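What follows is each chain in one-letter form.
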Amino acid sequence: MKTEGARYFVRNIVWRKTDDSEFPYVAAGKHEQMKIRLNDFPAEPLYSLVINDVVLCDFDQWPPHWQRKAQLRG
Amino acid sequence: MKKNILVNVLLACLVMFNGACTPLDFQTPSPNQTVESCPPCSNPIPQTNAEIRLWYNNQVVIIPTLTEQLIHEGASAKERAELAYAIRHRARIYARLLMPDKEEVEMLRKRDMEKYGNLDGPTFEYLVEKNRQKGLEGKAIYEAIVESSSRTSAKYNARFGIKRESDQ
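Here the protein sequences line up with chains A and B, keeping their order. Numbering-wise (my numbering), the first sequence opens with residue 1 and increments by one. Numbering-wise (my numbering), the second sequence opens with residue 75 and increments by one.
Quick caveat, the hints were computed from the structure, so don't treat them as lab data. Warning: the hint list may mix true and false statements.
[As the list claims (entries may be wrong)] Below, in silico cross-link-like pairs of lysine to aspartate or glutamate (EDC-like), each with a Cα-Cα straight-line distance of 20 Å or less:
hint : chain 1 : residue 1 : chain 2 : residue 2
1    : B       : K176      : A       : E44
2    : B       : K176      : A       : E32
3    : A       : K69       : B       : E178
4    : A       : K69       : B       : E217
5    : B       : K184      : A       : D20
6    : A       : K30       : A       : D53
7    : B       : K176      : A       : E22
8    : B       : K176      : A       : D20
9    : B       : K184      : A       : E22
10   : A       : K69       : B       : E180
11   : A       : K17       : B       : E180
12   : B       : K204      : A       : D20
13   : B       : K204      : B       : E156
14   : A       : K17       : B       : E156
15   : A       : K17       : B       : E178
16   : B       : K189      : A       : D40
[What the hints assert, rightly or not] A partial selection of chain B residues facing chain A, derived with a Cβ cut-off under 10 Å:
hint : residue
17   : N131
18   : E156
19   : A165
20   : R170
21   : E188
All figures in this text were calculated on a predicted structure; none of them were measured in a lab. Glycine included, each C-beta is placed from N, C-alpha and C at the ideal position.
Bound conformation, chain A alone (with noise of 0.2 Å):
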């Protein structure tokens, strides 16, 4: 994991699943629009973190403070 991407993998965020297979998650921070994408594994690492849309990191494993929620329905 990058520096870059570490404040973010030690916070707290809760991860809503979308129907997008590109970018299979979002969670909305105060002043920023954070998604998942998911990437060619394994020719690439599994996720890239996208911070208002710039690529802040890659990563592998899913950091252990991060809550992915199921879709919303309805």
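Please arrange chain B on chain A, whose structure you already have, making use of the hints.
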């Protein structure tokens, strides 16, 4: 027939020199295959996604050497492309078989289905057609597949108009 023998010999070399847990016959795994059914070997099975990616890179890194060898053996561009594709594609499938989180595997398969129309990534025919649409013809199509089979994507972000922080 001669080509099949040559390919098998090259794949056997891949297994011996690669130093990783590689399926011995290099056949496409069945849907019911599990990690436990992987042939036993002295190398540890990768456990984490990072280890699995390293394992995968160890599989595909040998593609340029193998395809170069095939040139000396008189193989056509199509034959070399088929071998390069087979190594990369099967390594992809086995890598996902090794992944501990099956929900992540399903996410990847969904992505591949939407992107390539196939749960396990692009087919050989897909790559041929993709290169044809780029304007390539004949031998150049297969040379492009050989070339792309041994590299990982460096221009991935451009697809989404996303810049890296270091680019700004």
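Quick rundown of the hints versus the structure:
A C-alpha spacing of about 18 Å is found between K176 (chain B) and E44 (chain A), which places the hinted pair at or below 20 Å, so the restraint holds. Of the pairs offered as hints, the one joining K176 (chain B) and E32 (chain A) is violated, with about 30 Å between alpha carbons and a cut-off of 20 Å exceeded. Taken as a hint, the K69 (chain A) and E178 (chain B) pair is honoured in the structure, with Cα atoms around 14 Å apart against an allowance of 20 Å. Under the criterion of a C-alpha separation no larger than 20 Å, the hint pairing K69 (chain A) with E217 (chain B) is inconsistent with the structure, at around 44 Å.
This hinted pair checks out: K184 (chain B) and D20 (chain A) have alpha carbons roughly 10 Å apart, not beyond 20 Å. The suggested pairing of K30 (chain A) with D53 (chain A) holds, with an alpha-carbon distance near 15 Å, which does not exceed 20 Å. In summary, the hint linking K176 (chain B) to E22 (chain A) is supported, as the alpha carbons are separated by about 17 Å, within the 20 Å threshold. Only pairs whose Cα atoms come within 20 Å are accepted, and K176 (chain B) paired with D20 (chain A) is accepted, the gap being roughly 18 Å.
At most 20 Å may separate the alpha-carbon atoms for a hinted pair to count; K184 (chain B) and E22 (chain A) meet this at roughly 9 Å. This hinted pair checks out: K69 (chain A) and E180 (chain B) have alpha carbons roughly 16 Å apart, not beyond 20 Å. Distance check on the hinted pair: K17 (chain A) and E180 (chain B) sit about 14 Å apart at the alpha-carbon level, within 20 Å; holds. With a C-alpha separation of about 23 Å, the suggested pairing of K204 (chain B) with D20 (chain A) is violated against the 20 Å cut-off.
Taking the CA atoms of K204 (chain B) and E156 (chain B), the gap is near 15 Å; set against the 20 Å cutoff, the hint holds. Distance hint between K17 (chain A) and E156 (chain B) is unfulfilled; the C-alpha atoms sit about 37 Å from each other, more than 20 Å. For the given pair, K17 (chain A) sits about 12 Å from E178 (chain B) by alpha-carbon distance, which is consistent with the 20 Å threshold. Restraint check: the Cα-Cα separation between K189 (chain B) and D40 (chain A) comes to about 10 Å, which is no more than 20 Å; the hinted pair holds.
Contact between N131 (chain B) and chain A, as hinted, is supported at the beta carbon level, the nearest pair being about 8 Å apart and thus within 10 Å. Taking 10 Å as the C-beta cut-off, the interface hint given for E156 (chain B) is violated, the closest approach to chain A being about 19 Å. Interface hint at A165 (chain B): satisfied, since its Cβ lies 8 Å from the closest Cβ of chain A, which is below the 10 Å cut-off. Interface hint at R170 (chain B): satisfied, since its Cβ lies 7 Å from the closest Cβ of chain A, which is below the 10 Å cut-off.
Hint status for E188 (chain B) relative to chain A: holds, with the closest Cβ pair at about 5 Å, below 10 Å.
In this structure, the hints that do not hold are numbers 2, 4, 12, 14, 18, in rising order.
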